[in-house]
Structure formats: C-alpha cells, structure tokens
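Undergrad: So the chains spell out like this:
Number of protein chains: 2
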Amino acid sequence: MEILRQSFQIKYDYNVYFTASIFDLNNKALSDFFRNSDTGYLRKIMFVIDEGVNNAQPNLIKNIKAYFSKYCCISLVQDFVIVPGGEECKNDNKCLYDIMEAIDANGIDRHSYLAAIGGGAVLDLAGYVSAIAHRGIKHLRFPTTVLSQNDSGIGVKNGINAFGKKNFIGTFCPPDAVFNDINFLQTLSTRIWKSGISEAIKVALIKDATFFEWIEANQVLLSLRDTEATRYLIKRCAELHLMHIGGADPFEKGSSRPLDFGHWSAHKIESLSKYQILHGEAVAMGIALDTAYSVLNNRLDEAKGQRILALLLKFDFHIDHPLALIHSLQSPLIKGLREFREHLGGNLAITFLSDIGVGEEHNQIDLQLLIKSSEMVSQFAKPYMPLLFQ
Amino acid sequence: MEILRQSFQIKYDYNVYFTASIFDLNNKALSDFFRNSDTGYLRKIMFVIDEGVNNAQPNLIKNIKAYFSKYCCISLVQDFVIVPGGEECKNDNKCLYDIMEAIDANGIDRHSYLAAIGGGAVLDLAGYVSAIAHRGIKHLRFPTTVLSQNDSGIGVKNGINAFGKKNFIGTFCPPDAVFNDINFLQTLSTRIWKSGISEAIKVALIKDATFFEWIEANQVLLSLRDTEATRYLIKRCAELHLMHIGGADPFEKGSSRPLDFGHWSAHKIESLSKYQILHGEAVAMGIALDTAYSVLNNRLDEAKGQRILALLLKFDFHIDHPLALIHSLQSPLIKGLREFREHLGGNLAITFLSDIGVGEEHNQIDLQLLIKSSEMVSQFAKPYMPLLFQ
Ligand SMILES: NC(=O)c1ccc[n+]([C@@H]2O[C@H](COP(=O)([O-])OP(=O)(O)OC[C@H]3O[C@@H](n4cnc5c(N)ncnc54)[C@H](O)[C@@H]3O)[C@@H](O)[C@H]2O)c1
Ligand SMILES: NC(=O)c1ccc[n+]([C@@H]2O[C@H](COP(=O)([O-])OP(=O)(O)OC[C@H]3O[C@@H](n4cnc5c(N)ncnc54)[C@H](O)[C@@H]3O)[C@@H](O)[C@H]2O)c1
Ligand SMILES: [Zn+2]
Ligand SMILES: [Zn+2]
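Going down the list, the sequences are from chains D and S.
Going by full-length UniProt numbering, the first sequence opens with residue 1, and the numbers climb by one from there.
Going by full-length UniProt numbering, the second sequence opens with residue 1, and the numbers climb by one from there.
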C-alpha cells in the first residue's frame, strides 16, 4: 500500500496588553497595535459588546467612535452588535446568528477584525464566531471581568453550548491580541468580581507557592477591590496560565489538564445549580474538596490544607454549599465523576496537591476518601457559617 | 504598559493511504491504522455516509459492520448518518444538526472518530463538524470522487455554505488520516468522474511539466477511466497538493494562493450557473481563460497555450461555455473579479503561467486583455464544438 505523509507546524503568537482606559484618546495602545500590524490591506474592525457592560458603561460606544475617528488606522464598522451577557449568549443561537449576519452585511473578511468586549461568556461566543467565519477572521479580546482577564479571555479556547451541554461546540483558536483594561472592572458587582479570584488561587496552588503566599498576605486589599492588588493578581495569574498553555499541549490533545485542578466537581456543581453558582464560585468549592482529599490521602500537609480552606473562606466562598457536598456513593458529584471518567475515554486524570505550589496527577480516586474529604470541608467551614450568612 | 507574549507551535501530521476495497475483510489498512494509533482509551467510530454513495453501493454498511466485527480494535457505532450528497448537504442546516445530534447521542468524544465517506461536499461538512464538536474530535476521510481523492479530501480545509455564500463558515483542520480507495470511484457518473481531472491539470500546470506531459500522453486511457492511469493521476495530483499545503502557508494566513490557479473565475462561474456547472468543470473553464491571458500577456509561449486548451477540450471540458465568456467590462465575471479583489482586502493576487509547470503571481490584471483572452478561448474551441454536442 502506498502512503503519502503530510506534516507541518503552525506558529501562533499574540500579546496580552495590560492597560487602563483603552479608548481614552491619549491611550495609544490600540492605535500602536494597528500601526505595527499594518499589512497594506484595507482592514475593518467590528465590535461585539456584552449588554451588561454596555448598560453599565453608557459612554463606551461613544468613546470607541471618538477613538477610531482620531486614530483612523483602520476602518470602524458603525454597526455594533450588542449581545446579552453571561451564559445566555452561549445558549441562544440567535446571538451567534446576529454576529454572523453582521459579519456578512459589513463585509468583514480574513483581513478584518472581530473585537469583543465583555465577560468570559461573550468572549467565548465571539471567539467561536471569529474562528469559523470565512475559516477564521482576526480577533481581538477586551475582557471585562476578573475571571476573563486572568484566565478565560487570555487563552486559546472558545465555545458555545448545545444539547444542554456546556461548550459542546467550539474550537482551539488563539486571538490576535488581548487588551486587559483594569478600568472595565469598576462596574462589576462584587459577587462577579470576587468569583474570578478562585482561578488565581487555583493556579497558585498548582504552580507557584510564592504567589499563593502573596494572595494570603493581600487578602484584605483584594477583598476591598484595591486597584494595585487586583492588577498584580490578574497579571501573575494570566502569566501562569499563559506559560502553561504555551507549554506541552496548547490544544489539549492529551488528557492531562493540570489547570483543571478543582474543576472536575466544579463543572458538575455549576450544572446542578442550573448555573446559579458562578464558575469561579464552583471552582472554589472544587478546590476545597480536592485540597481536603490531598490531605486525607497523605499527600498534602494538614496545616497547609487548612491554610487553603481558610483563605477560600476569607474570600467568602461558600465551600460547604449543599450542592458541593458528597454524603454517599449515590451523591450527584459521584455521578459527575463517572461522566468525567467517560469523557476522558475511561482513564481518569485528576490533579491533586502534594504541596502548596505543586500539583500532581492521579489516575484513580478513592470514593470513600472523597466522602470523608467532603466531611472535612464541612467541619472546617462550620465556624465560618455565621460570617457567611450575616 | 506591560505586555505578556504568548508563542507556541502546533505540529500536525497525517497520512493519506492509497488502497482498494478498504472494507474487504482481507484489507488490513484500517485495522492496522487503529492498532498503531492505540492510546489505551476506549475509542468509538461513527460513520457519516454520502447518500449518493450509499445508494450506488448498497452493500457498503453491511461491509463496514462485518469489517469492524472482525477487527474489533475500536467500537463501531451502529447508527450511520446518511446525508444527501453534493452541495445540498452544505446548504441545509439540518444535515449539520443531524450529525451533531448523533455525536451527542452516541457519546462521541475527543478520543473517538467521526469518519466520512463521500464526495467533497459531504467531506467538507463532516470535516467541519469534526472540527467544532467538543472543540475537535478525531476525523477520518474516505473520499469517493476523483476530485476529493486528488484535492479537496486530502487537504486541511472544511466548510459549509451560509448567507448564500459558498464556504462562508468553516475552519482549517487537518484530518487524522485519509483513505483513498480507488474502488469507490467505480459507481461515479462519467461527468462527475471527469470533472476531477481539471484539478490535476491545474496543479501540473503550475508545478510539474512532466506530470502535464504524462496527462497529455494518457488522455485516452484517462477518458476511458482506466484504473492504473487513474491511480497514478490521483496519486501524483494528491502529492503535489500535499507538498504545497505542507509548505509555506498551510492555513492561508497570507493572500497568495497558487493552488487557486484558474479559480478566481471558476468560483463565479459555479455560482452564476447556480451550481449546475460542477467545481471541476468550472475550474477547466478558468484554466482556459487564464492560460489565454498568460499567452496574450506575453508570459506564456503561444504553442504551449494551445496545447493546454487542446487538452482541456479532449477531456470534453466546455471551455467556451456562455457563462465563462467575457464580452465587455459589464460582464458578470468582471464583477466577480472586483468581488475577489475586495475579498483579498484590496490587493489582487492571481496566478498565471510563464511556462507549463511554472505559475507566477500577478498583482494586477488588464481587463481589456481579459476580454481578448476570452475571445481567444472561443476561437480556439469553435472547431471542437461539433464534438462536444454530438
Ligand atoms: N474559554 C475559556 O478558556 C474559559 C475558561 C473559563 C471560563 N470560561 C467561560 O467564561 C464564562 C464566565 O465568564 P465570566 O465569569 O467572565 O462571566 P460572564 O461572562 O458570565 O458575565 C457575568 C455577568 O457580568 C456582566 N458583566 C461583565 N463584565 C461587566 C462589567 N465590566 N461591568 C458590569 N457587568 C459586567 C455580564 O453582562 C454578565 O451578566 C463561562 O461561560 C465559562 O464557560 C471560558
Ligand atoms: N475543502 C476543500 O479544500 C475543497 C476543495 C475543492 C472543492 N471542495 C468542495 O468539494 C465539493 C465538490 O466535491 P465533489 O466534486 O467531490 O462532488 P460532490 O461532493 O458535490 O458530489 C457530487 C455527487 O456525486 C455523488 N457521489 C459521490 N461519490 C460517489 C460515488 N462513488 N458513486 C456515486 N455517486 C457518488 C454525490 O452523492 C453527489 O450527488 C464542493 O462543495 C467544493 O466546494 C472543497
Ligand atoms: Zn476555570
Ligand atoms: Zn478547486
């Protein structure tokens, strides 16, 4: 039998810029970006905006128009596509269709940009559209939540929901650039703001003990949404995520997902709550459970485990939420674990901790120990209860 | 302003296997493939089949079932998704939905395969679904037309139509393997069979004079659908396409598309004919026009130009089809050229010939010379008319 072999590599690169008031007329970050990426082609840019952001920041579109009329390096499409923020835009096919139609109507081609301003959900949707329209158009992201600036908005994944399943459809497709503008965060509710912190705790726990200690030391400032502390938190968390993604397996061909520490249960908790529990909140619950497991499994020092649980509680994460607890082998989270194993093709790969800053992959999980871990989390959280519900 | 840079490479490789009767119980190509790619995961395979092929080859599904029950290296999903062949499946969202739903219902995950058997249209659709379901599942192609075995089915592009535009949606996403089974071609109509030859002539003209001479020398055998000649034609054409794709720009980030020689007008001719003219037939018309232009522009020797036009006519390509002719600056093809220029972001990049086997890129096109080129094609084809319509 004759065989022809095909083999090639594709190089991807993009920058994540940390800035403030990106559409301020004195901020050259964006105009410099377009000047430096000039290709001689006529280029257009069209914006998709999260409705929540647009309502909270009513001058946004006016500012964008003023910016592009000052710096006329690229042609701004006057048609702005506003989509509902949050999971709704990933569930509703009409949002996908509206963006596609605007791309067609405004002649956005492979030399032009689809820019998205919003939380992780809107970025996931717009990133997906950018990946499939004309087999891929250029894409810029302006994340507006802590979670999307430190994690979801800077990576390579996009997606929408279908058949009742989160991210059933999507691609791996890096953006052309990400602009993390700290001032976008000002109008966030404290609940959504804080939910982004758990991803920073997560990545610190598996990769960087010093960062974990920094978060511990700055817990009060962070809870007060202090700008400098927030800026550092986001920057370091983004950096650790980017380093990991740029490492061995950017498009997740294998099964190993250390960045998904705490996530096997988080995904199930989110769906059990019908997405009333936010992703970051569920991740905090998942971190607590897997930290307790690491202790009971004699991998992690007990005192260190307690520091982790205490930190999560100080950020008001409800780690003993009823949906996050495992009372018996019939608990829904155990069912979730089975689905997760199936999803991985039969072989489990779950990250636990052997130290603060050190994740390690396990290929099996002791269900009885998991039930005890859940109990340990409840016991530990009990004294904090009054604080949470005061 | 602080900047984090992300940079990584992704390696892609896949094989194109040339075989016959792939589901014959004695053919080990497929079972070897699964044995060699074993990862220890539970893997499934689900088939999408072109209705035209399934009708023409009524034992196909029975043979597939028998094959996988003999070689039980992977679990065969008993649900076969049959989709209409040809452009219809790329236009009709229901086909996309049916495949997606079957993926969900049968638990096809990132370790499992979606296999597609069919012409270029069904492969384009199934390739697209494979690229987006679960952010990419594994994908095998079994092309069943000359065109898809030598060109469309072995490459990295997929797509569906939307907003009345061909391939408005799609991705660049290499398959995991391609199995070119010569026996699939037996049930093709002669018209569809022959339409695939023009892509071989095209790639020979821009890359390989020896291959062009081989096609000239074997024109009669090829027209008679001789197996050995066909096998060589497909193999060499596939090889030239693969070499080009694996070269400078696999995912077409730039504007240069030498493989699209003859295609700027072909795409417009197909759409003007409401897709009654097949892709390969339109490409033959496009090759004729751009060959004539290369001669009149003093880049290509006239005698060589005539050899090319003569070869196209010997394969019965209707190179002076009314929709392919340009009588004035108001002709629809001139409008198509303008759209094409726009599509390229304002800068034209069209391949013409400076010799047989040598393409060269031009950034402008002389419209008056194009009208004369069309006239040259008509004049040349006139004596062949009776042959075409006898
Ligand atoms: N692609 C990835 O790698 C990845 C990783 C993790 C999470 N995600 C996805 O991210 C999504 C969650 O994103 P999120 O936590 O950023 O929240 P979100 O996108 O769900 O937004 C939450 C709410 O905040 C509003 N909002 C956003 N920014 C605002 C601002 N600056 N001011 C006022 N309101 C604002 C939105 O309108 C929305 O109502 C989920 O869909 C999740 O699946 C993706
Ligand atoms: N992805 C790419 O790089 C690329 C390149 C070129 C063309 N294409 C696409 O390929 C499509 C054209 O593909 P095509 O020329 O292979 O034809 P096709 O897929 O349009 O099929 C033509 C007809 O032949 C039937 N058929 C296919 N195989 C058969 C067989 N063995 N026996 C009997 N009937 C059979 C089909 O049912 C259909 O009715 C177009 O949609 C075009 O856009 C894609
Ligand atoms: Zn997460
Ligand atoms: Zn073609």
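Hints are not guaranteed to be accurate.
[Claimed, not checked] Here are the computed lysine-lysine pairs in the BS3-like style, where the Cα-Cα straight-line distance is at most 25 Å:
1. S:K11 <-> D:K253
2. D:K166 <-> S:K44
3. S:K166 <-> D:K44
4. S:K165 <-> D:K166
5. D:K165 <-> D:K94
6. S:K44 <-> D:K253
7. D:K44 <-> S:K138
8. S:K138 <-> D:K166
9. S:K11 <-> S:K165
10. S:K94 <-> D:K138
11. S:K335 <-> D:K44
12. D:K94 <-> S:K11
13. D:K138 <-> S:K253
14. S:K28 <-> D:K11
15. S:K157 <-> S:K94
16. S:K335 <-> D:K166
17. S:K94 <-> D:K253
18. S:K44 <-> D:K138
19. S:K11 <-> D:K165
20. S:K165 <-> D:K94
21. D:K157 <-> S:K207
22. S:K207 <-> D:K335
23. S:K304 <-> D:K44
24. S:K94 <-> D:K11
25. S:K235 <-> D:K157
26. D:K157 <-> S:K304
27. D:K165 <-> S:K44
28. S:K11 <-> D:K11
29. S:K253 <-> D:K157
30. S:K138 <-> D:K94
31. S:K253 <-> D:K253
32. D:K11 <-> S:K165
Honestly, the hints are just simulated from the structure, not real lab data.
Undergrad: The structure should be examined with respect to each hint, and the outcome stated for every one.
TA: Outcome of the hint check:
Simply put, K11 of chain S and K253 of chain D have alpha-carbon atoms about 11 Å apart, close enough for the 25 Å limit, and the pair holds. Taken as a hint, the K166 of chain D and K44 of chain S pair is honoured in the structure, with Cα atoms around 22 Å apart against an allowance of 25 Å. Among the hinted pairs, K166 of chain S with K44 of chain D is consistent with the structure: their alpha-carbon atoms are about 22 Å apart, no more than 25 Å. A threshold of 25 Å between alpha carbons decides the hint, and for K165 of chain S with K166 of chain D the separation of about 29 Å lies outside it, so the pair is violated.
The hinted pair formed by K165 of chain D and K94 of chain D meets the criterion: a straight-line CA distance of about 17 Å does not exceed 25 Å. At roughly 17 Å between alpha-carbon atoms, K44 of chain S and K253 of chain D fall within 25 Å of each other, so this suggested pair holds. About 35 Å separates the Cα atoms of K44 of chain D and K138 of chain S, which puts this hinted pair outside 25 Å; it is violated. About 20 Å separates the Cα atoms of K138 of chain S and K166 of chain D, which keeps this hinted pair within 25 Å; it holds.
Distance restraint check for K11 of chain S and K165 of chain S: the Cα-Cα separation of roughly 31 Å exceeds the 25 Å cut-off, and the hinted pair is therefore not satisfied. For the suggested pair K94 of chain S and K138 of chain D, the alpha carbons sit about 29 Å apart, so the restraint of at most 25 Å is broken. With a C-alpha separation of about 22 Å, the suggested pair K335 of chain S and K44 of chain D falls inside the 25 Å cut-off, and the hint holds. For the hint pairing K94 of chain D with K11 of chain S, the CA-to-CA distance comes to about 35 Å; that exceeds 25 Å, so the pair is violated.
For the suggested pair K138 of chain D and K253 of chain S, the alpha carbons sit about 10 Å apart, so the restraint of at most 25 Å is met. Taken as a hint, the K28 of chain S and K11 of chain D pair is broken in the structure, with Cα atoms around 36 Å apart against an allowance of 25 Å. With a CA separation close to 21 Å, the supplied pair K157 of chain S and K94 of chain S stays within the 25 Å bound. A C-alpha spacing of about 44 Å is found between K335 of chain S and K166 of chain D, which places the hinted pair above 25 Å, so the restraint is violated.
Distance restraint check for K94 of chain S and K253 of chain D: the Cα-Cα separation of roughly 29 Å exceeds the 25 Å cut-off, and the hinted pair is therefore not satisfied. Restraint check for K44 of chain S and K138 of chain D: the C-alpha separation of about 35 Å exceeds 25 Å, so the hint is violated. A C-alpha spacing of about 29 Å is found between K11 of chain S and K165 of chain D, which places the hinted pair above 25 Å, so the restraint is violated. Only pairs whose Cα atoms come within 25 Å are accepted, and K165 of chain S paired with K94 of chain D is accepted, the gap being roughly 19 Å.
For the given pair, K157 of chain D sits about 38 Å from K207 of chain S by alpha-carbon distance, which is inconsistent with the 25 Å threshold. Among the hinted pairs, K207 of chain S with K335 of chain D is inconsistent with the structure: their alpha-carbon atoms are about 58 Å apart, more than 25 Å. Between K304 of chain S and K44 of chain D the CA atoms are separated by roughly 43 Å; this puts the pair beyond 25 Å, and the hint is violated. At roughly 35 Å between alpha-carbon atoms, K94 of chain S and K11 of chain D are farther apart than 25 Å, so this suggested pair is violated.
Note on K235 of chain S and K157 of chain D: the hinted pairing is violated, with a Cα-Cα distance of about 36 Å set against a maximum of 25 Å. For the suggested pair K157 of chain D and K304 of chain S, the alpha carbons sit about 51 Å apart, so the restraint of at most 25 Å is broken. About 20 Å separates the Cα atoms of K165 of chain D and K44 of chain S, which keeps this hinted pair within 25 Å; it holds. This hinted pair checks out: K11 of chain S and K11 of chain D have alpha carbons roughly 9 Å apart, not beyond 25 Å.
For the suggested pair K253 of chain S and K157 of chain D, the alpha carbons sit about 20 Å apart, so the restraint of at most 25 Å is met. A C-alpha spacing of about 29 Å is found between K138 of chain S and K94 of chain D, which places the hinted pair above 25 Å, so the restraint is violated. Taking the CA atoms of K253 of chain S and K253 of chain D, the gap is about 23 Å. The hint holds against a cut of 25 Å. Annotation: proposed proximity of K11 of chain D to K165 of chain S is violated, straight-line Cα distance about 29 Å (limit 25 Å).
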